[in-house]
Structures are given as structure tokens and as C-alpha cells.
Amino acid sequence: MTTVTDTPPPSPPQSNARRMARRFRRHRLALGSLVVLILLALLSLGAPLIEALLGIDAETTNLFQRFQPPSAAHPLGTDEAGRDVLARLLHGGRVSLAVAMVAALCSAIIGTLIGLFAGYHGGWADTLLMRFTDGVIALPLLPLLIVLAAIDLNKLGLPESITQSEDVSLYRIVVIIALFGWTTVARLVRAETLSLKQREFVRAAVAQGARPGRIMRTHILPNAISPIIVATTLSVGSIILFESVLSFLGLGIQPPVASWGNMLTNAQDLIWDAPLLAVWPGLLIFVTVIAFNFLGDGLQDAMDPRAVD
Amino acid sequence: MFRYIAGRLLESIVVLLVVSFAVYGLIGLMPGDPIDLMVQGDPNLTPEDAKRLKALYGLDQPIIDRYLAWLGNAAQGDFGYSRNHGQPVLDVIGSRIGNTIFLLGISLILSLAIAIPIGIYAALRPYSPLDYAINMFCFAGISIPPFWLALLLIILFSVTLGWLPAGGMATVGASGLLDRLEHAVLPVAALTIASVGSFTRFMRASMIQTLRQDYIRTARAKGVSTTRMVTHHALQNALIPLVTVIALSFGTLFSGALITETMFSWLGMGKMIYDAILGNDYNLALVGLMIATVLTLAGNFLADIGYVWLDPRVTIASRADKR
Amino acid sequence: MADKPIRNFFRYWMCALALVCGLAIAPPAFAAKDTLVIGISQFPRNFNPNIESMLAKSYVLAMARRQITIYDPNWKLICLLCTELPTYKNGRAKNEKTADGKDGIAVTYSLLPQAVWGDGTPITVKDVLFTWQAGRHKQSGFGNSELFERITSIDVIDDKTFTLHVNKRTCDFAGISGLELLPAHIEEANFAEPVEYRKRSAYETDTTNPGLWYGPYRIAEVVSGSHIVLERNPKWWGQKPAFKRIIVKAIENTAALTANLLSGDIDYIAGELGMTVDQALAFEKRAKDKFDFEYKSGLIYEHIDVNLDNPVLADIRMRRALLHAIDRNAINQQLFAGHQPVAHGQTNPLDTVYNPDTPKYAYDPKQAKALLDAAGWSVIKQGIRHNAKGERLQLELMTTAGNKSRELVQQVIQSQLKQVGIDLRLRNEPARVFFGDTVSQRKFPDMVMYAWVSAPQNIPRTTLYSTQVPTPENNWSGQNYPGYRNPVMDKVLDDVETVCEDAPQKKLWHDMQRLYAEDLPALPLYFRANPFIMPKWLKGVTPTGHQFTSPNWVETWTAE
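Residue numbers (our numbering), protein chains in the order written: chain A, 114 to 422; chain B, 0 to 322; chain C, -10 to 549.
It should be emphasised that the hints constitute simulated quantities derived from the structure, not laboratory data.
What you are looking at is a predicted structure, and each value in this text was computed from that prediction instead of being measured.
It cannot be assumed that every hint is accurate.
[Said to hold, decoys possible] Straight-line C-alpha distance at most 16 Å; calculated EDC-like pairs for lysine to aspartate or glutamate: (1) B:Lys50 x C:Glu135; (2) C:Lys277 x A:Asp247; (3) C:Lys274 x A:Asp386; (4) C:Lys188 x B:Glu10.
Let's have the full structure, built from the sequences with the hints guiding it.
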């Protein structure tokens, strides 16, 4: 949090944060979710290490080892191409979590900037930006996705190291979500800014001649941060789901990069033969999304200024 | 009031025009036209055939010319011919829109019928074990990938139990409401499970907030019964956020049932729009997406009207100024 | 707290909800055996046989129409609507010169005397003439107009007999399956404005008109996107079909398709338009006691086109090394249970013109490594080969996104190539982008994987002839996507069309296959198979393995 120089904000941030932490800890489901998420993130980050330890590999196919049941060599068995399911789940987790979090963060940043600007300046800027927001909400996502999946990235002047990379489908999804997912945060921040603008401490800062940029940065943003955090946390879960739906439509993350979404999609045809292949990624998506939702819920309760202790 | 509505209408028309051009351009930007795909599927087709067909379908014209031609015809009520259905666009949409409204309508009513009472119930006992259970249930519904949920429903109710048909709109040859309803059960269930969670959460949150208001505390102090307090004092206020959420999600709902429709072979708009885009059926994709856009804008509009209706303190004028 | 009323209220509410849900649940009706419900994965876009060809349409139309000539399940050309095929011997084929002095041919056919449209109107030469005139019209919107252009005039001999004068003499003159008859007595009026024909055709506006159909069945109901109901055609002159009614249902998602089969909503998944072999194999393990599984390999040739303008791949040693490094046999055995035989070229071994002596490339990583060394890729750093200039041996393989069978094979190939030190990158695009742009305008840097579907004895002129390389100058026409240019191959392709005596023609076919295998403009992978998943009681379905689908013999299908 920032230190305040001109006029003190309504309540000292230090004690505020402590109170929030206390309230958050009381929310057992949220706390549990946080633990689960940290665990999943650590496991995913440690995927190469775990692979090395167990002597497994997410990408090497082995046609003679397809659909193996769990064994010492392959703790969760192997998939339709003879790859280790555990290793793929860990790598898939890396991709799914990273894509969701980065995309959520990017759209939160864009949304915050637009919302702050519109809310603070008001007038024409506000009307224009909010109409623009309405337009973006009304824009159909599907053709956009297909077009973006088709654009020749080399023509856009991107370096070859990116366009030739197998991760390019990852960047595409992040960019798409960042470009079209910011509207919720923008509306929230605008509303919050509109009300904060009228508060004493902001008016005082304006009277003292502080520049708009500084006011937004030091006075409005810190006080509008709670809804942003909550909305972003909640959106991570829905982005993970969105990624799985995109995979279902064939527009998601492309092989050989594993993601929970494309693993689940691949498994649906194998449901009669190897149902477990579908259970694992399905379960992980479910647990992760639910955990992010609980986390968001807990944060909301903890940060709600009107909540009673 | 009149000026406000007229202004909003004008704005909406501008947005609609911009979106229509954006969509037309986007579909046009996608590489590959229907003839290219035709050539791939039929090795006998010669380059001369391809050229002749492109000219016939007008695909050799610049995109802006094609858009203006389309716009001109559309203004006269001629929305063109769907290439992938072999029918006029309006006929195709006419046969689909009813199905979508039927499916979405029933599932919306059903999810509200479940969400509102459960949300209130949870709000009356926040942080009780039952509240936790309801929360858990809600999040579970939100967190299942939709195609996965559909597949599980089919496997359980159609394959294993054999109670319900696995897909389609009706048994071929059979007519009757019961048969239609039977086919609607699983898709409706899939959509309801997916949406009931967030509705319940909104209901619960806004009810908790409303119950903290001073006037409710006053009523409670006066000894008003819980039932009366909820139905007569709090419900109206607590419904406002829910109305907003529903109104704003009109357009998404409309095209968003794509997955459910695909899995259950339900002939709705979502699937139609998706196929039209991928199959480069310009006219159909455009009109379908336009309808979705109109619904989104109308939802926005209704949300504002809804505010006024539910919350007498807000006037149209003040809403208009705040925008 | 006064909770009780609320609790009661909830109890009633829940009861009401349960009742509403329960009402709709009733036991499903069982399909009687006089009805056959077929599941396919695609719905026909339109029903006019001449506007655009697509598999779903030809599948359905095969039950309600009959082409004049087609290939039978033994890959022999036969008459379906004619009395006998024209040959020089029976005098129905005669060489002649065209007006401008080129080699032409006149062929005579007689339509079956008993053949009638579904409304009782006899099928006559009038219909042939109308179809030909419509096909020649530039704006009629017919897909392939080449056949109609080739026919310069038609002589009417009598009501049922006609002679076609063709301005190009080729060996396959007898087959005229592309001449799909239209009922002149219905369609002539709709053709008054040719530009509007594709919209006004009775096939689109009045699809259930009996006069449009003349197969064992006729289309009785169409619900666009969902299903088509076919009823017995009372005017059909051949064997009476066993099923009173056939329903063709379109279900796109294969998981849903199998679930529909298991739940009894459909009886049979069509092999031609159902699932891929790997999907069917996964399903077979669970359902083999309930259904018969038949896998018919055929003329769907899966291969990797190689961009020959890329200097790395222009080296024949590199292409041979690639093929030696891919264990196609293991792919077939392990992924497809041996149902998709390894291809050694584009000609299927079942084809009469197949050359069994073409060079073959067995799985041989050692040989592959030796070839790569010889091609200059001998420096191995971190498991990947580099050349003397320090360039990394990295290639890109693209295919259609969302096709799981291809994606699986693609990843296996990636793994296998890594073993010999090639870094294969995968990049996939949605089909419309892939075919509409990347492949057709040769935008792929290295390799693309897809399939060709063809008829038996199809001459691969558009895919191999040097003038068929798509370029901006020729407006991206032609299908020679690798950019293969070999004058010897051009000559063979020219000759094989016109040298019709058995022995010399066979030699040309063999030369073509040998050249293909030596030059490797594409890496052959395997011939795709169609999995037919039939109920145990359904008999008489004969898979063909080519573009003329099994419903062409639908009248022989029976229920036991």
C-alpha cells in the first residue's frame, strides 16, 4: 500500500489489512482453497523436477505403451499416445494456470485504466469509453477467435522466435481474453471512482492542486483495489473453463502443448475405453475453478468495508 | 423520459451498424472462402470451375462493396439466402429461434425458480452449514466444463438408465408435447445446472446486503415475521442486481448455448451461428449475430428500465445523467 | 425466529420442482425393425445433386437416386441406370474427329426402359438433354462443369437412347457418374432464370416432391440440421427394400454419436461419415458384443505434402530420411489395430492399376541417420542435428486443428523424428484456414498433413502435373501443393489418359507410381479406413471404400 502525504484516507491501511487478513482466515473454505491452489501451482511449477525424479516425460510418445494402468513407472498410467498422464497433467496445469492468471491480470490492468480514466474525467471521455465498453460487450467473440487464430503473425512484424513457437496458441488466447475480458473490471472501477471522487480526501487533494495522475494513483486506486482483486480472482476460474470450451471447439491450445482443457477434450472419445483419462483433467479443472471461486468469495467477504467483524 | 428512450435508441442503432460492419469485416478477413473449401473436398473441381463459382457468388468483389450491397438489401427487408441451408436466411432463423427461446426460456425460469428461494434461504442463515452446502453446490455447477456436464448427463440418463433420449428435438414421426418435453429435459438440465449457481450467489449476496439496511432492521425491531419481511420489504430491492445480471447476459445466453446445443443435437441459434461462421455462410452468420447484438443492447436497456421499476428512488433522468 | 412457514414453503417448492422434472421422464419408445435409424456426423447443405458435391449429400441421395454409372464394391465400373456400358466391342463407343480436328469419341447409352421418376413420369432422354444444357450454362452454379463442357452435342436416338459426342478421347470414357439427371418436367420451369436456379430448384424449395426422386426410397421429410426421413418409393422398379422407412440423423460430436448408439436413439453409425478408426476402436472394446464392427480401408489417402521450394526439403535424401524415420507400421498396428494399411504411394493396392513393385521405405532409423549425415546434417547438439553452417534441423508440420486422429499421429511423428535428431514443430489451424489459405496458397514453410479422396483409377493430374502448382500468376489454381515439377511425370500423366490398350496403359500406371515413390513429392502415410458400426441384426451393408457409398445398394439391406 502507498503512504499518504496530503490527506489521510478514510482508514489507515495497515490496520485495515490486518482486519482483512483476520476476516479472511475465518473463511475456512477460502483458506482451504488458497492452500489447494498454492499446492497445485507448486506442483505445476515443479513439473520438470518431478519428471526428472520419477523418470517420466510429458512429450515422448510410446506406441507400445498405450493406455497402461497406473504403475510404478507411470503413477497415473499412460494416455492414447503412450505418454505419462501425471507428467502431462502437471504440464497442463502449468499452461492452464499460467494462461488464466496472466490473461486475468492483463484484462484487469486494461479494465482498471479505462475505468479510472472514464470515472475520473467524466463527461465526454466517460460517455465515449462506456459506449465503447458496451460495444465490446456486444461484439461476438466467436468470429474474433477464428480470425485471430488465422492471422499471419509474421505479417504483424512479430519475431520468428514467437511465431514459430509451439506456444503461440497460448499467447493468442491470452491476447484474446485481455482484449475482450476487461469490461467487467472497467465498469466496477468506474463506479468506484465516481463515488470516491466525491469523497472529502479526494476533494482536498484536488483543492491542493495535485495532478490528476497522482490523485488517481495515490488516492483512488488503493481504495478501489478490493473489487478489482475480487473480480480478477473470480475471472481466473472462468478463464480456465473458457480455455476448455475453446479446446472443445478446436480453437484452444494446440498439441503437443498439454492443457487441462485439451486433455479433457481429447478424452471424450475415449470415455468408453479409458474413462480415467477424462476424470483426471476434468477433476483438476473442477477443483481449480471451484477453489478460485471460493477464494474470490472469501476475499470479497474480507474486503467488504460494510462487513461486521 | 421520451427523449431518453429516443437517445438510447439512436445510440443503439449506431452501435448496431458499427457491429454489423465489424462482423462483416471479420468474417471476410478469415482466410478461405466457401469455394476454396469446396475445391479441397472435390478433386474433380477445376480452377476454371472455382473462378466461375466465385464470380457467381460475388466472392470476387471487394468486401466493402459486398457489405454495402448487403446493407442495402437488408434495409429493404431482404436478408439474403443461406448458402449452407439452401433456404432464405429468415426461414432458417425462423425455424431455429423458437427452439432457442423454448430452451433458454425454460431453463431461465427453472434456474430462477431454484435460485431465488435458495438464495434467500442461504441469505437468512449466512455461514450456517446449510449455507456452506448451498455455496458448494452453486460453485460446483459453475465449475464443470459445459461439454463435460452434457456428456455425463447423456451417459447417466440415456445410456446407463435409459430414461431419456440422448439428443434431438423430438422422436421422428411422433408429435406431441410430452415427446418434445422429454427431449428437452437433458439440455434444459445442463443449462440450468450451469446458470443456477451464479444466480443463487447473486441472490444471496444482494439479499444479505438488503437485510443490513436500516429499514429492514427497523421492521425487524417492530416484530415483522421473517416471511413477511422478505416478501414485502426486502425481495424487491434484492432483486435489482439479479435483474441486471440477467438482462446483461441476454445476448451471451443467446449465442452461448452453443455447447449444449452441439452435444444434444438441439437445433438452436448458437449452433447455427457457429456453423455459419465456420462454413462462411455470410448472410446467416451476420443476421444471427445481429440478433444476438440487438438482444444484448435490449438487455442493457431493459436493465435500466428494470432499475426504475424495482427501485423507485432511481429516476430515468438520474440514471441517464449518471451514465 | 419465524422460520417455520419459510421451511414449509420450501418443502412445497421442492416438491413442485421434482414433479415438473419427473413428469417429463417416461420410458423411451423402441424403434421398430421396419425403421432403420442411421447416424452420420454431418448434415447435407443442400439436395440438388449437381450443386456442390459433399459426402453427406451423396450418402443420402444414394438411397433416393441412381447415377447412370458408378463403381461397385469390387471397384468395377457398372451401369445403374443404363443397360450396358459402352465399349468399342459392343459398338457403343466410336472414335471420331471433333469439328476442330481433335481426337473425339462418341458414346451411346440406353436408360433402363422401366426407369421412372417417383411421380410416375418416365426417365427419358429429355431429362438427359435438360441436365446437359443446365450444366453447360455458366451461371447455373453447378460444381464441376468439365464433363458438361466436354460433351459437345447429344444425339437423341429414341426416348431412352442417346449418343454423347465428347471432344476429348480418354480411356475412362465409359464413366459418366457426373451426369446427375434432373427431372426436366419439374426443373425446367425453375431454370428459367439460370442465376437463380440454385435457390429456386425444387430440390431446395420442394425437397419432398416425389417427382425428384427415383431410388428405392424417396425423401419424405427434412428437418434442416437434424434429420432426413426416407420412405419407400412405390414407383421404384428394382428389388423392394426391406425397411419401410430410413431415418438419417446428423450428430456432429462423436462422443454424443456413440452415446446415441448405446442408448438406442440410432441403430447404426455410417462408416462413410461416422467416426475415425481410433475413435471406433476405443468404442469397440466396450460395445463389441452388441454391435458388429467392420473396417473398410479405401481411397482416402493420408499423406504429408512437402514444400519442395524449401532447400532443406528439396534434397531427396532428406525426404527419404524422413520416411525411413517414421514407423508407419507401428502407427497402423498400435493406433489403428492394423485397419489403416501403410501407403507406399497414392495408388491403393486394391486398385486394378496398382504396382506392387514400387520402391518402399521401411522403418529404418539407421538408414535415416545415414541419409541425414550425407545431406550435411551431421553435427548433433543437444540431440538435434545441425549442418556445417550451424543451422538447426527444425521443420514444421501443420494439419487441421481439432482432428484428433491427425493430431495423435502428428505427435507420434514428432516423437519419432526426435529419435533421429529432427526437431519437428507442430502448428495447426482450423480446417477453413488450413485448406482455404495455408495449403491452397502454399503458405506452409515445410510440411502439411491431410488426405485426398478419389475414385478408383483416378489420374492424379491436378496434384502432380507441373502446370498445376498454384501461383499468384495462375490465380492459385491447381492442387500440386508440394510444387512438384518433373517433365517425365508430366509425360506419363499425359499418356496415361490417352493410351488405352491394357498392357501399355498398365505400364504407364506402374511408371507413375514408381516415379512418385522415387521422387517423394509427398510422404505417403496410410489409407484411411471407414469404421462401420452396425447392429447385429443389420445385414447386407457392403462397404465400398471409395466415393460411391454403400447406400447405392440400400435395397439389399435387411433386418434379421
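Checking one constraint from the list: CA of C:Lys274 to CA of A:Asp386, max 16 Å. Satisfied?
Measuring from Cα to Cα gives roughly 7 Å; hence the hint holds.
Can the restraint linking C:Lys188 and B:Glu10 be considered satisfied, given a maximum Cα separation of 16 Å?
At roughly 37 Å apart (the allowed maximum being 16 Å), B:Glu10 and C:Lys188 break the hint.
Pair hint outcome, C:Lys277 versus A:Asp247 [Cα-Cα no greater than 16 Å]:
It is violated: about 54 Å lies between the C-alpha atoms, which goes past 16 Å.
Verify the proposed pairing of B:Lys50 with C:Glu135, using a straight-line Cα cut of 16 Å.
Roughly 13 Å between the alpha carbons, so the hint for B:Lys50 and C:Glu135 holds.
Violated hints for the displayed structure, listed by number in ascending order: 2 and 4.
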